[in-house]
Amino acid sequence: MYTRKYLVKRISMYALALSMAITINFVVPRLIPGNPVQTKLMQLYRQGIRLGGQEFVEKYSKLFSLDQPMHVQFINYITMLAQGNLGFSISYFPATVLNLILTRLPWTIGLLGVAVVISFVGGLLLGAFMGWTKREGKGSKLTSVVFGASLFLSQMPFYLLGMMFVFLLTYLLPLFPYGGGVDITVTPGTIDYVISILYHGMLPALSIVLVSLGAWAVEARGLMVTVLGEDYLFLAKAKGLRERYVFRQYALKNTLLPTVTDLALSLGAVTSGSIITEIVFTYPGVGSLLYNAVTTLDYPLIQGITLMLIFGVTTSALLIDLIYPFMDPRVGEK
Amino acid sequence: MESALLQAQNLKVYYRTQSDPVRAVDGVSFAVKAKEIVGLAGESGCGKSTLAVGLLKLVSPPAYIEGGKVLYRGKDLFTMNNEELRKIRWKHIALLPQSAMNALNPVMKVHDQIKDAMEAHDGKDLGEDLGDHITTLLKSVALSSRVSRAHATELSGGMRQRAIISMAMALKPELIIADEPTSALDVVVQRGVLELLVDLKDKSGSSLLLVSHDIAILSEVVDRLAIMYAGKMVEIQDVYDIFDDPLHPYTRGLIASVPSLEKGGIPRSIPGLPPDLKRPPPGCRFHPRCPNASAICTKEDPILKEIEPGKFVACHASA
Amino acid sequence: MTPPSQLRWARGSLTARLKGLKVVVKNRKILAGLCMILGITLVSEIGYRLLPYDPKKMGDVPLGLPPSWQHPLGTDPMGRDLLTQLLFGTTLSIRIGFMAGIVAFTIAVLVALIGGYYGGTLDSVLNVVTEVFITIPSLAILILVAALVGRVDIPMMSLILAVFGWAWPCKVMRAQILSLKERGFIRLAKLSGYHGTEIVIREIMPNMLPFLGAYFAVVVSAAMIAEAGLELIGLGPQYTITLGIMLNWAMVHAAFTRGLTNWWIPPVFVLIWIFLSLFIISMGLDEVGNPRLKVKG
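Protein chains in written order, with the working numbering: chain A, 1 to 334; chain B, 1 to 319; chain C, 1 to 297.
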């Protein structure tokens, strides 16, 4: 169904990304001299946290098989990963890394998912429309302004916008709540709960959406302008086809299809940006968890989250790449 | 003209630039009658393609219509609203654009692209035997039924060209304007496409306006030949007459530059280069290269006149 | 080619390149952007040295003061003058950004040229690697490495940022090189007997020059944004001050919600100024590269 070349390329990318992540996760901590568990315990000890003595070190070392030669450690590590065992978190001990991530994951997926979908669809349509208005050569003042705004917004980092929102809309004009994903005084499972979730998620989502939407709009407009100059659009006009139909079937389709591959590529950057945004808003997602892990140097948690993120992003990208040939007859089909 | 199907009157199409506009078509008048083949010839840059596109108001920026009229069966296409013009395009007058290589929508099947032309003009309900109808159409341009389900990327240049012709034939227009229908193709395919066009014209009774820089090819199939130079129409005659007795010096130059099996000898090219269309030379645009140029040629721009029935020329020497 | 004609030819392309440079410099957007960047660099470099306070020494001045004549931006809770911090931090941020940008840019150009020009399996492999670096959420690995390495100093910071910053510009540049290859003059050069490196330097580079400038500007601004992002979450160079670190302090002390605008608005303003100026430069370079877009109507 797919051309062999296409499949090979996509799968090898996926494999390469995952092996990079796993290798870095495995190798880097072991480059640091000394027993990391012991070092960590000493650190915590100095901070006044007593987690346990020598037996703790031994148990944890066993868990990480730190006493074994490298290749054995590696095999153990891979096996653990395959079983979904990401180890125990140090700062949230005895919680497992996996559990911690899973509790936070829905928040992040909700935020990211909604933001990506809205900005992708909305931005593309906006951009396509802006480009389409240029078909007679001139555009209106309004589209120029909107385009300029999109261009400007697209260059901003999410967190910058987030910080400004926090200041303007939670402090200056307290229209939105700050922090958390939901009002904890509201009972879960009710409509009020859902509303509270949306209310709390609005600003973080907006920080991500405004920037991404701008970026997609700029891209779509550029693509549409290119499509407008193509011969098949000319023939469509010469064929006396109705304008709306031409916009949909000839212009829009050819403009939007190439953006799907870019969507797969953008996931990494959007995820990175949303992590920082979560931190700025203390939104209870994986990003905040990562921040906590960083401040306490909870290595297993840091590694676990990193791996999860990379896995999630690359798998989503792979899925998109696998679906794409079904949408675009020019690519991948045999 | 009474029986004129399409008539251009003083058509002007210019291109906007940062300085003066380029006067690509500068006051061209001519007509195409029913059931005839007219050839529009001239060198690259003379404005013939711009003219073809301008006839149906299909110009896009930076080109624009500066003036003139185009009458289809007596009605001025330029004063119609967009919807009326849309209905005329393809169904009554079909323009086959210059390059077919990229003229097919890459994300639609050929079948759907034929279908949408039919739907746009003849309405939605096309009947269940639409598939068969399309297959027959494709066969008439020597394309197999497999092409129906294919996408443009799977077809060769010649196949794409013929697919577009079949799209035109679907609605049986009264006039087909073919802009350089053979230029991008190799010689063997060229002949095939040309013969196809003529064959279709015979079968459906439509007229053909063939635009090409190759008068040798044109002369084999056309009834009348119109010659353009530097944005102006300089001569229109029946094809036999024009070769027997070319009236305009440029036409003479053109004919002399075509190798001939009968006359032999080395073909001669016309000395000089075509003028800059932003600032064309005063008077007749051909005068810098004309062997017969006189004083009046440098001052007054000659008008296309019918010096005998059916013979048009724009030259002071033949007045 | 005999040496004299080679010289003539090289001189020819040099004048062409100089003419190209003139167009670049004359463009208003590029000038404006350059002025903005130079302006802020100068102001910050000179400014912090003029002020009597030490931006890093804690307890240098009274803690937590609001803005006043003595301390135009006030002081932070660790006893440091905020204006000095701002100016000093700006110089460091710019330095880190440029260092990272140069490294990332060099890598990107090399990979794009090698892959784009030589093609074949080498190109396919490089392309896959590039796309992997684009797809992976860079922040995740950056956080991992920064946290694991512990003490991050300035060169290390730039290096870490460069490791991920090269991928996306590389992809764009490769696409451009590929489209340049399509145009005949590369083949012509090959047929004339030029070798690979010569062709790259004489034919490809001059055509890419205006774009290269834009890409560099983008790379640097991306590096600075990533840098500020990392620092915001506490993973920056230790014991020093940059714009991102100032924002980190602000966030940790809940400056946003406490209305302590003197802490975080100035660094945000500087960051926006910097990325705006680089953005304007890249817009200007885009105009130079695509003059068609300037014709109105």
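Derived by calculation from the structure, the hints in this document are not laboratory data.
A couple of the hints might just be wrong.
[Unchecked claim] In silico negatives: residues of chain A with every beta carbon more than 12 angstroms from chain C:
1. Ser12
2. Ala21
3. Asn76
4. Ile78
5. Tyr92
6. Val145
7. Phe167
8. Thr187
9. Pro188
10. Ile197
11. Arg244
12. Ser266
13. Ile279
14. Ile310
[As the list claims (entries may be wrong)] With a straight-line cut-off of 30 angstroms between C-alpha atoms, the simulated DSBU-like cross-links for lysine-lysine are:
15. Lys12/B with Lys253/A
16. Lys253/A with Lys69/B
17. Lys9/A with Lys171/C
18. Lys109/B with Lys87/B
For each residue, glycine too, the CB sits at the ideal point set by N, CA and C.
Consistency of the hints with the structure:
{"no.": "1", "hint": "Ser12", "in the structure": "violated, 6 angstroms"}
{"no.": "2", "hint": "Ala21", "in the structure": "violated, 7 angstroms"}
{"no.": "3", "hint": "Asn76", "in the structure": "holds, 20 angstroms"}
{"no.": "4", "hint": "Ile78", "in the structure": "holds, 18 angstroms"}
{"no.": "5", "hint": "Tyr92", "in the structure": "holds, 16 angstroms"}
{"no.": "6", "hint": "Val145", "in the structure": "holds, 16 angstroms"}
{"no.": "7", "hint": "Phe167", "in the structure": "violated, 5 angstroms"}
{"no.": "8", "hint": "Thr187", "in the structure": "holds, 26 angstroms"}
{"no.": "9", "hint": "Pro188", "in the structure": "holds, 26 angstroms"}
{"no.": "10", "hint": "Ile197", "in the structure": "holds, 20 angstroms"}
{"no.": "11", "hint": "Arg244", "in the structure": "holds, 26 angstroms"}
{"no.": "12", "hint": "Ser266", "in the structure": "violated, 9 angstroms"}
{"no.": "13", "hint": "Ile279", "in the structure": "violated, 6 angstroms"}
{"no.": "14", "hint": "Ile310", "in the structure": "violated, 6 angstroms"}
{"no.": "15", "hint": "Lys12/B with Lys253/A", "in the structure": "violated, 35 angstroms"}
{"no.": "16", "hint": "Lys253/A with Lys69/B", "in the structure": "violated, 36 angstroms"}
{"no.": "17", "hint": "Lys9/A with Lys171/C", "in the structure": "holds, 16 angstroms"}
{"no.": "18", "hint": "Lys109/B with Lys87/B", "in the structure": "holds, 23 angstroms"}
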